[in-house]
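Chain residues, written in single-letter form:
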Amino acid sequence: MNERQVLLVEDNPDDEELTLVALQENHIGNPVKVVRDGAEAMEYLFGTGRYADAKDRVMPVVVLLDLKLPKVHGLEVLRRLRNNDTTKYLPVVVLTSSKEEEDRIQSYALGANSYVRKPVDFVQFVEAVKQLGLYWLVWNEPPPRP
Amino acid sequence: MRLANLVSVQTEQVIQMTRQLVMTVAQFPEVVDGGTQSCARILEGLKNIHQFNRALLVARPDGEVICASVSNHGSVNLADREYFQRAVKTRDFAISDFVIGRLTGKPSMGFAYPSVDRTGQIRKVVVATLDLSWLVKSAPAARLPEGSVVNIIDRGGTVLARWPNPEPWVGRTLPDAQIIKIVLSGRDGVAEEIGIEGIPRIYGFKPLGPDQQAGFVYVGIPQKIAYGPANQILTRNLVGLGAVTVLGLSLAGFFGNLFIMRGVTALVGAAKQVASANLSARTGLKNRTGEIGQLAAAFDEMATALQEREVERKQAEEEIHRNAARAQLLADISREFGAAGLDRASVLSTVARRVSAWFDDTCFLRLVGEDGQLPESSACYYSYPPRLHLAHEMPPAPEDREHVLLSQVVQSGDPILIPARDPEWIPQVYLDTLHCQSLLMVAMRADEQIVGTLTLVRDRPDRPHTYEDASLLQDVADRTAISVAKASLVETIQRLNAELEEKVKERTSQLTAANKELEAFAYSVSHDLRAPLRAIDGFSRMVLEKYSSTVDAKGRDYLQRTRSSAQRMGQLIDDLLNLSRLTRSPMLWKEIDLSALAREIEAELRETQPDRAVAFLVADNLLVRGDEHLLRTALENLLGNAWKFTGNTNQACVEFGVSMHEGEPVFFVSDNGAGFDMEYADQLFGAFQRLHSMTEFPGTGIGLAIVQRVIHRHGGSIWAEGVVDQGATFYFKFPKRGEF
Numbered sequence: 001m002n003e004r005q006v007l008l009v010e011d012n013p014d015d016e017e018l019t020l021v022a023l024q025e026n027h028i029g030n031p032v033k034v035v036r037d038g039a040e041a042m043e044y045l046f047g048t049g050r051y052a053d054a055k056d057r058v059m060p061v062v063v064l065l066d067l068k069l070p071k072v073h074g075l076e077v078l079r080r081l082r083n084n085d086t087t088k089y090l091p092v093v094v095l096t097s098s099k100e101e102e103d104r105i106q107s108y109a110l111g112a113n114s115y116v117r118k119p120v121d122f123v124q125f126v127e128a129v130k131q132l133g134l135y136w137l138v139w140n141e142p143p144p145r146p
Numbered sequence: 147m148r149l150a151n152l153v154s155v156q157t158e159q160v161i162q163m164t165r166q167l168v169m170t171v172a173q174f175p176e177v178v179d180g181g182t183q184s185c186a187r188i189l190e191g192l193k194n195i196h197q198f199n200r201a202l203l204v205a206r207p208d209g210e211v212i213c214a215s216v217s218n219h220g221s222v223n224l225a226d227r228e229y230f231q232r233a234v235k236t237r238d239f240a241i242s243d244f245v246i247g248r249l250t251g252k253p254s255m256g257f258a259y260p261s262v263d264r265t266g267q268i269r270k271v272v273v274a275t276l277d278l279s280w281l282v283k284s285a286p287a288a289r290l291p292e293g294s295v296v297n298i299i300d301r302g303g304t305v306l307a308r309w310p311n312p313e314p315w316v317g318r319t320l321p322d323a324q325i326i327k328i329v330l331s332g333r334d335g336v337a338e339e340i341g342i343e344g345i346p347r348i349y350g351f352k353p354l355g356p357d358q359q360a361g362f363v364y365v366g367i368p369q370k371i372a373y374g375p376a377n378q379i380l381t382r383n384l385v386g387l388g389a390v391t392v393l394g395l396s397l398a399g400f401f402g403n404l405f406i407m408r409g410v411t412a413l414v415g416a417a418k419q420v421a422s423a424n425l426s427a428r429t430g431l432k433n434r435t436g437e438i439g440q441l442a443a444a445f446d447e448m449a450t451a452l453q454e455r456e457v458e459r460k461q462a463e464e465e466i467h468r469n470a471a472r473a474q475l476l477a478d479i480s481r482e483f484g485a486a487g488l489d490r491a492s493v494l495s496t497v498a499r500r501v502s503a504w505f506d507d508t509c510f511l512r513l514v515g516e517d518g519q520l521p522e523s524s525a526c527y528y529s530y531p532p533r534l535h536l537a538h539e540m541p542p543a544p545e546d547r548e549h550v551l552l553s554q555v556v557q558s559g560d561p562i563l564i565p566a567r568d569p570e571w572i573p574q575v576y577l578d579t580l581h582c583q584s585l586l587m588v589a590m591r592a593d594e595q596i597v598g599t600l601t602l603v604r605d606r607p608d609r610p611h612t613y614e615d616a617s618l619l620q621d622v623a624d625r626t627a628i629s630v631a632k633a634s635l636v637e638t639i640q641r642l643n644a645e646l647e648e649k650v651k652e653r654t655s656q657l658t659a660a661n662k663e664l665e666a667f668a669y670s671v672s673h674d675l676r677a678p679l680r681a682i683d684g685f686s687r688m689v690l691e692k693y694s695s696t697v698d699a700k701g702r703d704y705l706q707r708t709r710s711s712a713q714r715m716g717q718l719i720d721d722l723l724n725l726s727r728l729t730r731s732p733m734l735w736k737e738i739d740l741s742a743l744a745r746e747i748e749a750e751l752r753e754t755q756p757d758r759a760v761a762f763l764v765a766d767n768l769l770v771r772g773d774e775h776l777l778r779t780a781l782e783n784l785l786g787n788a789w790k791f792t793g794n795t796n797q798a799c800v801e802f803g804v805s806m807h808e809g810e811p812v813f814f815v816s817d818n819g820a821g822f823d824m825e826y827a828d829q830l831f832g833a834f835q836r837l838h839s840m841t842e843f844p845g846t847g848i849g850l851a852i853v854q855r856v857i858h859r860h861g862g863s864i865w866a867e868g869v870v871d872q873g874a875t876f877y878f879k880f881p882k883r884g885e886f
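One line per chain: the protein sequences are P and R, in this order. The first sequence lines up with residues 1 to 146 when you count with our numbering. The second sequence lines up with residues 147 to 886 when you count with our numbering.
Hints are supplied without guarantee of correctness; some may be wrong.
[Unchecked claim] Derived pair list, reagent style PhoX-like, types lysine-lysine, alpha-carbon separation capped at 20 Å: (1) R:Lys692 / P:Lys130; (2) P:Lys99 / R:Lys662; (3) R:Lys651 / R:Lys662; (4) P:Lys71 / P:Lys33; (5) P:Lys33 / P:Lys55; (6) R:Lys662 / P:Lys68; (7) P:Lys33 / P:Lys68; (8) P:Lys33 / P:Lys99; (9) P:Lys68 / P:Lys99.
Since the hints were made in silico from the structure, they are not lab data.
In isolation and in its complexed conformation, chain R is listed as follows (with noise of 0.2 Å):
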């Protein structure tokens, strides 16, 4: 776009200064009265200047060609032309379409201004055509990219021009092509279209002079480059702004070597001066009549424009110089939003410091509530130095006008632009303590949401905020927004993290708690529950021994009664101890050698009862990490129950081993004892639950339910299988490594 605004731009000024060339022309009384002869030698002599026009004629009011810088041009007559006739008629200057020239054979422009004598007849005309070919030229200066065109049609959408190549396309009819379409419907613009030759580009248009007379430019950048990787939009600016600066410069050359008359000294101290950048330097010789006159005139006019140009440059050298700045400053905040590793806090204040330096404002940054509401406190703000005091005495809450001001932004998304002291509108607040010349607040969003707001308040009448700072702040904000919504999704897992944390720590009191409570009752139960049982103890068998001649038989039975009573319920209380302790005392995990303690246990039990014949049979390496003493207490009961229960079986047998379950290897303990029946397998393994008389089998009941503990302890399961009569097998399994 820019470069068709310039191409447009050049094109009008060089129609100025043909239009300043043939008038001047026309001026020399060698045109105005001279034959063929000392009207070729004026052309000759300003052949050399301009460049750009091939052919420079005097014809005759009718149309016959007198004289012309190119030299073939036989007899060519020009009263067919339209422009030509226009002239003559008018007797003014008159600019033709584009054509194809008569003598060039090139997309050309005609000039024509007739020559008029003192009285006021028309003697001549002073024919320039232009060729448009110089137009394009400036295009390789401008370091397209590769791939772009540049392209200048007629009104009919004939390509009149174009660079790169212009072989196939000068000269050819295309009005039906998309891109010439939308060229033709005579607006500036930009578009995105497949080109006359199929590849996708950017295009930028205009119409070329007044009234789309001369027709219409237009330059594409291939998409593929235009949309290149890292940012678009910036690619695409500077790729502009590139093109109009290399433009710019190569005018300046271009210009600088125009209209250089030699023997003309002040024409060409001038032009010196210009080359040498006094874009201010002018002929002085605005007064002078003549032809000097004219073409000093025709200088000025040129260096005004120039100097214009110049003026342009610079301008566009500047905006680079901001876009640079503006990208360093949007690259600095996702460097340090980078280092302040996604701390909320952090992330608020780097944008804060930033913006507040960047713009020399004072930034405020508020965020939505958890619960969507409006930003009710803000949660940063921070100003440049010198007025971060004044920041300090900021209400924390919004007043009620600026909580309209962030309703409006935070709903719509939209940013909001105040550029003067405005009291309708300005907060009191911003505008008693910070001095409010000009405020800009813009939404910071994240995904369609918006998590908050960013306030600038600047206190200098002088410099409001423009539309390009609103841009600005809003790509700023769009990376905070997302920033803060990163570190608000970190922190609600920090929390939820302390929060369980908390929790564990709560649990675990509360369980120290219960655990302390549990080791006072245990205490409290060895101790005082014993004490009354051997008082029942001791006196009944007193009484048995001293007193047993005034007891008599049935007296001595239930004095005897009362005494194994107590016992057991001694034995009771100890079992119940002992269960107790299992499940407080901590655990020491080491590698435990199961057939090794079974063995140790089969001889101690073999010792309590020498005279019994079982078989015991147990596997080798049964090994399994855990608790020593705990494993040992279970392996006993285990062990024990089968010696006790296989105590009426013939051939007793005791096994221990591993077998397959479930595609799982599991610890068993069989024997062929006294077994049990299925349907009270659930009782087995509860405190004091006994599935035999005690008569049959003495016991407390609590052997089982310790076992089930000590195998819970070290996280893994038992169960048992029995027929009554036939046996018991109790099956018992540890978690895999690293399941526990």
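So that you can see chain P by itself, here it is in the shape it has in the complex (with noise of 0.2 Å):
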């Protein structure tokens, strides 16, 4: 339970898979955690509905969210994380497919950590997935735990 897990946010399936696939191919070897909505994660995350009785549930060292999310959107759930004690410092990678400006602005002035855009070619997807996986699994020191 000490090992440094991931929470994805991911409400596409083909994604969540090509997002775990990437990790392999790179030898992440770290738990990954799926949520697949805004609602869901908030849960995770804070500990209530759902996963208000749940043992293994663990705050994350870096959560990869997706923006367009079925029930709460991204950009809320962010929203929502930077405006809670527990959660004010945990970091945050805006993975998604968009490039839209206004969603990059929005991301980081709601406290996004990083704005990551999913690229159509696998290989770059590929890619990137490594890069995010190194730097925020290896490299990265997480804030302090509250």
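The two chains are supplied separately, each in an independent frame; assemble them into the complex guided by the hints.
Put into structure tokens, the structure is as follows:
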């Protein structure tokens, strides 16, 4: 349970699979928790709702957050995380299909730590995931646990 | 006309007075019985009194003059005078026509009265000749405008008296002159004519005395003065009134000095009173017989006449005041129209308030509807405060009887005056609510168009509306009409403006909504269309890598094609989003150095393919005002295309500069590359339109569409010329400053 966990917030199963494959191809063996919409992401991180009594719930070292999510939009998830003392320093990487200027501005304004656009080309995608994994799971020192 | 009238009336009075005088003289015993000596003494005494009687004579019935108030009479016989004969024959007073006097040599009138003794025998005949020149003496005092004339002519058209400058005219007979013909027609009137000396004037004329016996008087004022600037009619009225007033005053002085008999205290006293303006003073000697009685009676008659004159003068003065007040009302209304700033409601309420206060009536204004129909609704009504609440109870739409009146006024344009409580014509609501005793309705006329009606309702039976009220109200109505017409025009323009603004707002909000939708669409595209492509590419690649042993070469080729198609589609989606972003992003205008931008882009292109040798010719100082990001995108595409399509060309050359086209400078980017067939030139700028295959030159076909959109957003235009294998030139220009 001390292993550095990744939280992947992704509603598209194809993207989920591709992300997991990309991590695997880059030999990043950290555990990955996948949640499939914005509401679930918050329940997991705040320990509420269906994760209120979850014994296996751990605070991830990095959140890979898609923006276009069912129920609660990624930007709203980000805003709530930053407004909560337990998650306000949690590293969040926005990982999305869009490179809309408005999305980028909003993400950084709400305190995203990074913004990465998922390339269509899988080779590039694998490379992007590799870099992310190396940086956030190996080199980056997470904030102290609250 | 007024002056002519006055001269005429004056003449009649003088005739009456002279008649009194000769009858009085005929009573004197010295005259009846006496000889030349005693007679002359009497005449001498009277001489100073009658300024206008140049000659007073006493003759025997055979016509032989025995004494005269003028010395130089010689032996004059009056027997041949028609009036003398008539006096003797009828034994009564006789008046001559205007004649040239035998003794005075001036135009004059003769009066004869037989002096009869106790036995009824005619002993003497008293004759007075009246010099006519005095008649025009009061003319200078009337302060007639320069160039005016006063003329007296006899029935034959002979000029008897004239002011000013009588010499050349008096005694001349001009029956053919047009003005004299008109005057001789025998009626009162006003005419505009060329006078006998050739100056156009406005003439007032009138016969003198009963039966035109005495001839005619006419007064002329030069047209250019009468028709001077400003209100001509008003000027004419005022000039006429002024003349009348001054004449009246001069007459008062004239008569005041008249008949003051020395030694006759009562007469003197009464005359003094008259002089001190107590015109009701009389001698009280009415029943006295004899000379003093006669004179006293004559005085009383004069005083009565004077009093009448005074009344007339006062009326004239009142009329001047009334006219001035009317002019003031019109001027005030005009000024308030200016201050009201052409707002129709203000114009109407101003008129209603002013007119209501002026006439002390309730005032209604109704406007003709835009459909040209009768004034259906009361556009404005107002009453003097005490009756304001009553006016508010009035129904806005006219009832039947009012409808009849309104339609008649609107159709004919003429005023309607109902100066009595006539229940057949006056609308019921006016009778009931406003206690209407008199009603006046006029049309508001502007440019022969009737824009509405103005109605006055009066509730006092003692003071019905007059024609004068009607003419003033008409003046006000016509001024109002012009202001209303102007205000309507302004309101129409304002309404059209407002409608236009509303339309612009509507369109803007439609555009904003469309833009929002487009943004939502673009957002959805950028997120949702790319994800499946990533899956297609990703899983194809995984199959190729992990399961290559179970897929043969052909299968691997197909999977490879699947991957490149997915990637190409990703590129297309990105380009499409870029294109839509170009339309949506706001523009930041500033001065842009296109030469510098082109050189930066050149450097970037050289970095992508450092081994290529392309000659770049970029002109200096290509300045333009626009959005830097958009213009850079456009230049990137144009120069990038030139770079790309010269890829197979030896000694490739790309040029960016300015040339003249139809007298205007245009920018151009030219190359000596692959060029294009002009037949397909119209397809060049369409999105995803390509004239080359992917294998020849790669691309999505979005570049020129982007360039065109950028140029259009700057208000400019772009076109291209090309020859296959010889190169292409793209021309673009921006609007001149101030055009966009």
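Practice task
Could you tell me which of the hints above the structure violates, numbers in ascending order?
Solution key: 8
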